[in-house]
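The residues making up each chain are set out below.
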Amino acid sequence: MDEATQIRLTVNGRGHTLAVGPRSADVAPSDTLAHTLRHVMGLTGTKVSCDRGACGMCTVLLDGRAVLSCSLLTVECDGSSVTTVEGLADPETGGLHPLQQAFVDHTAFQCGFCTPGILMSTKALLDENPEPTVGEVQEALAGNHCRCITHYHVLEAVQDAAGRMREAALEPGPTVSESSSNAPERDVATGTR
Amino acid sequence: MRSFRHVRATTVAEACALLAEPGTRARANAGGSDLLGALKDGIYPEPPDLLVDLKTIPGLDAIEADEAGLRVGALARLADIARSEPIRAHWPIFSQAAQAVASPQIRNVATLGGNLCQEVRCWYFRYPAGLGGSIDCLRKGGPRCPAVKGDTRYHAIFEGRGCFAVCPSDTAVALAALDAIVVLEGPGGARRELPVQDVYTPLGTVLEPGELVTAVRVPPPAEEARSAFLKFTVREPIDFAVVSVAASITLRDGVCTDARLVLGAVGPRPYRALEAEARLIGGPIDERAAVEAAEVALAGAKPLRGNAYKVPLARSIVMRAILAALEG
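Sequences listed follow chains X and S, in order. Here our numbering is used: the first residue of the first sequence is 1315, the next is one more, and so on. Here our numbering is used: the first residue of the second sequence is 2, the next is one more, and so on.
Chain S on its own, in the form it takes in the complex (with noise of 0.2 Å):
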């Protein structure tokens, strides 16, 4: 790995200010699981002279739970949010996508506001310089998305533009679901507030220089809602999502009143089923309407060369998701 200053923060507000100043090429460090592994490949035109420590910043890491809903600092780790009691009672598949990410050792260390922007793991992007050079691709501002006419069967089915890399956080595949809000702080004080699936653009994140993910809200769960989350991998553990699927379903008196259907790994950000949603609710959730619903789900997806697969695998995961958030 190439050496770098490393810097302790202790405010968020000395944080950014770091990561904007002008001229240094500064990067923010929390678990450090993503970005020492982007390090050690090599894989940034220009790698960073200076690393910021996010953890030694004191309650960032707070989890906190009322009837205002639910608020988790960006410095959470994943197996703390996994094994939380207020969040595997009243949003479940927040604690279950936590859970469903990489190894408990990465667990341990990995944390919520990390998991959210980790960088995509593409194999052209994440191409090491040790093998003959990284790949200068769209994403890095190069000319061209190699994957186009590369291989590209863990790539998008939905909303890719230029970059066909997708979102590869499990988190924010059920926060969507949980209509969850995402806190960001930039240099100066600054702050905005975005639903989870606004923070991704199709060749990155919407964050500015110096601005940070410093916390996310989950408002109060639905009485009635009932979830569930799936994530399909080619081997279990520590694995990435070829398809995941959250499912939050509101049923009253057997009628459904609201429905999120969000799809993750099949295009840049969670992807929800705007249509799916809204051909489930006003009826009873059977099987059925199931595989209606997923049907329309995927009826706009637009596959790649090497990735036709992911749409009757999509299809199935919706499907299952659906039927599943009963039994929740």
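Excised from the complex, chain X in its bound form (with noise of 0.2 Å):
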């Protein structure tokens, strides 16, 4: 058993280590995994509604699978991958991922709060199953809520993205993930690549 003193994260492809301790850019024991983004990171993309799991605002992606934020403990999240909504955009040129152009070209989203957890869960969905049935979606955003009620636009929009995702999977060249993971990564706190 040990004690951790210090926190290796990757976020959006950035390495970060963090020291466990009580100043304000440390993790504390206690902090939640959407706390240290939010507040240490400056990562305010990732929302916080509820704080108890129920509503799917500060979804984010830890390897790969959609998980809430607010209901992880940062000190456990230790060695992790994470992705944020921050993290979809293309990280050379800044232009949008095919699914957050998707969602704007479908207006699926009207006070936008949910928009980043929604647009999480779904990238989970469509990494998974590049086809999914409006069902399958459905499914997959079951834990995020919008009291806007954009769900009709979002099923749209998903279903939109997913036929552009399996579109530009197929053109030749370099997508965006491969060039963003070939890039080497950068320690923050180091400064060190």
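There's no promise every hint is true.
Here are some, though not all, of the chain S residues that point toward chain X, as calculated from beta-carbon distances under 8 Å [unchecked claim]:
no., residue
1, 5
2, 7
3, 11
4, 52
Don't read these hints as lab results, they were simulated from the structure. Cβ atoms here follow ideal geometry from the backbone N, Cα and C, with glycine treated the same way.
Combine both chains into one complex, guided by the hints.
As structure tokens, then:
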């Protein structure tokens, strides 16, 4: 057994080393991943609403799986790879991910507070199942609430996005995810590559 | 959330020793989807000063199936149980019950051990400290159960004693219908095995300080067994059962030779309707038999002031589960 003294996280392809301790830039054992992402790393794209695992706003990908960052301790994510909504856009050009563009084109949000979580649940679904049925989309998004009732638009956007992503996968040349994973990881804490 | 020390266990023995240490208020953490909510709401009169992470114990998430049956480690995640090929093929109601829990994101982290040992959802027990102070109910060592004179719409209709909260686990209901055995390990290498429904008491579980659920064993299914798991909720996703039913029925030449009828969310443990099972055995299963068995299953129900509706609801779900098992 041991007590962690530092936490290594890869967030959107960048390596981070965080000390476990009492300072505001540190990780306290009781800090949630959502807290660390938002308040230590400044990645405020991930939203927190209920903070009890019921609403899905804080959904991120942890080693490729959709999880609720409000209900995970950062100290228990040591060594993991996290993708937040900030990690969807092309890191070189800043261009929106086809999934994000489909949500824009279908106006699949109103206030937008639930959108980062819905995007990440959708990303997890489409990575595993590139051609989901409407029922499979509904099942995958069952843990994401939207109080503006944009669900119908979301279903259309996800189906459209799935088609766009399948087309992009067929095109020759490196895809967004390949080019980002080839880039050397930079350690934010030490500034080294 | 109040801060605490956090330790990563690497063996079961180590975790049990830490949890049993006198003077510490330690709690085990697996997926965390239940515990963190309870800690944020400050529901415990004595909040933990130490959290022991079990996820760092290697191999405790294994799912193994062979001729001797199924063995699932306590750290197996519900999503992995739901999609496991051998479980879907041979113990389908276990897979269905795991899939019926909460949301995709929660199933990706929530573990079998955590689903079995999660705290009850009673709103008096769960009342947040931040809204005028948590409620010191009987389950927390307080003087009385405030539900008795309060809002009992989701409380027990069977076997309540002192506390009337219901066991919220979906997997426990399916596992009880599959005659599953829970493996408990404690300090000093102590180890015991109990049928899943015997893990629960009206005020909690039989787990001793330092004791952990480490695995669940399920015997091989009878060849002619057919089963169904039905869960009634107020809203479909992310909801706890108002009533759930697991039915497993063995038919030989059109005659029922064995039956399990287990009701969930009706009492402090999965409730086996033994008399209804006996009513089914020895005859053909048709709609009339299902209706009669459902009548018998609910005959001994003792609803509280606010949950009489659960009796006809449960009766209906029992009947449907029996008929669904025939299809399954």
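How the hints compare with the structure:
| no. | hint | verdict |
| --- | --- | --- |
| 1 | 5 | 6 Å, holds |
| 2 | 7 | 4 Å, holds |
| 3 | 11 | 6 Å, holds |
| 4 | 52 | 7 Å, holds |
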